[in-house]
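Protein chains: 2
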Amino acid sequence: MISRENIEKHFPGLEEGLYEELLQQGEMVHVKAGETLLRFGETIRSIILITGGLVKLYRADEHGTEFFLYNLEAGQACSLSMVCAVQHERSELMALALTDTDILKVPLSSMESWMKVYPSWYRFVLTSYRERFEEVLRTVDAIAFRQMDDRLEDYLRRQIELLGNPLRITHQDIARDLNSSREVISRLLKKMEEKDILHVERQAIYLH
Amino acid sequence: MISRENIEKHFPGLEEGLYEELLQQGEMVHVKAGETLLRFGETIRSIILITGGLVKLYRADEHGTEFFLYNLEAGQACSLSMVCAVQHERSELMALALTDTDILKVPLSSMESWMKVYPSWYRFVLTSYRERFEEVLRTVDAIAFRQMDDRLEDYLRRQIELLGNPLRITHQDIARDLNSSREVISRLLKKMEEKDILHVERQAIYLH
DNA sequence: TGCTCTTTGTGACTTTCATCACCTGATAAA
DNA sequence: TTTATCAGGTGATGAAAGTCACAAAGAGCA
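Residue numbers (numbering that gives the first Met the number 0), protein chains in the order written: chain S, 0 to 207; chain B, 0 to 207.
Hints are all accurate, no fakes.
Here are some of the chain B residues that sit facing chain S, going by a computed Cβ distance under 8 Å:
no. : residue
1   : Asp60
2   : Thr64
3   : Phe66
4   : Cys83
5   : Gln86
6   : Glu88
7   : Glu91
8   : Pro118
9   : Tyr121
10  : Leu125
11  : Arg129
12  : Glu133
13  : Val135
Derived coverage of chain S by chain B (criterion: at least 3 residues anywhere in the stretch with Cβ under 8 Å from a Cβ of chain B; other residues may be distant):
no. : stretch
14  : 114-120
15  : 130-137
These are calculated hints, taken from the structure and not from any lab test.
Note that CB positions come from ideal geometry on N, CA and C, so glycine has one too.
Turn these sequences into a full structure, and let the hints steer you where they fit.
If you want it as structure tokens, here you go:
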């Protein structure tokens, strides 16, 4: 359901007129858990704002190997879509709905005019972009400077922050996100369990 | 020397009025090779446009270990400075002048008003940002999916593209950029020499 | 010419992590 | 209830790359 309240709640601090425009020009789309929102190489046709649910953004190589970058939740925007949209560029990332997700699609054409008229939009766009950039930099830090056990703990904390404790996920899926292998993740989880950092059950990780 | 021609040459396609503003409000600063333009955690006070020379952007961890991200040359902008500047954010990166470098510093205050008035500025900012984002994503790919020999070859090609053939650099410095060790780089270079990909001399790498 | 510093070469060893093979136990479907 | 499938456990092995120790070669300079 597209509603003024919903948008105001998730995207506070915008101008009155901008809320009106978002309502008029935006199109609300519901995406089911597991569906792909954006594929690598796909031409971006609209700006995507998340109004509910959880989306995972990841990179994939030519063999289909994946690498998790960051999540987007309600109140955030696919900044790639905003910036690529300007020149009808293609997506560099894959986006997958982790839960049922509601998105507000805004046509590209709005972007440029809003940029001029609404300072809050301009700030929103640049802030989103900066935040995403920082997340990717944190990812670079992780793979460049840190080891698997460390990265795994960080990953679990971030996921639990978003999805709740316990985290319902298989070792295989964690391995895919971290570009590791199931065996390695299982072994590391067991070590962390021995250190009393967490408790592992089938399909569930309880962080202490 | 700050000159209209210089700016027009490196930043083509902007509006007349914007060139005037850049001249009036910009401050030309010369930075010597080896000097640091931006330190991690430093508050960003102005937008930085490169009008000459070569700058290296890198990430560093708490132990001072470095990791090369990308270079900026004339005609490019420190996109971090543009986006961080909006909210007086701190720098996430280190920037080092590799050669003598000329930069045009523009006060933050100009940013918001130009964004409204000059569509070309808005496009320039978003395009810069997207390009930098893509470079960082390429870096993520490299460390996530590829091995050292591959990354080294890629690194050498990119550096030679910018700095010319032969590349004058020590193995130690390459190792620092790639977060590897000198011995590993030396050995890989030797292997590449055997494969006739390049020729190694003291402080110089000739790519075939 | 000799001395020193920087850069590079090299063997031996270690660590981290991926891979393989195979097993156990839980869950669900037939 | 039996069987198939999926999640997870575990030892053995190997490859990539980091570390250590030390040698050698070039460059600069006194």
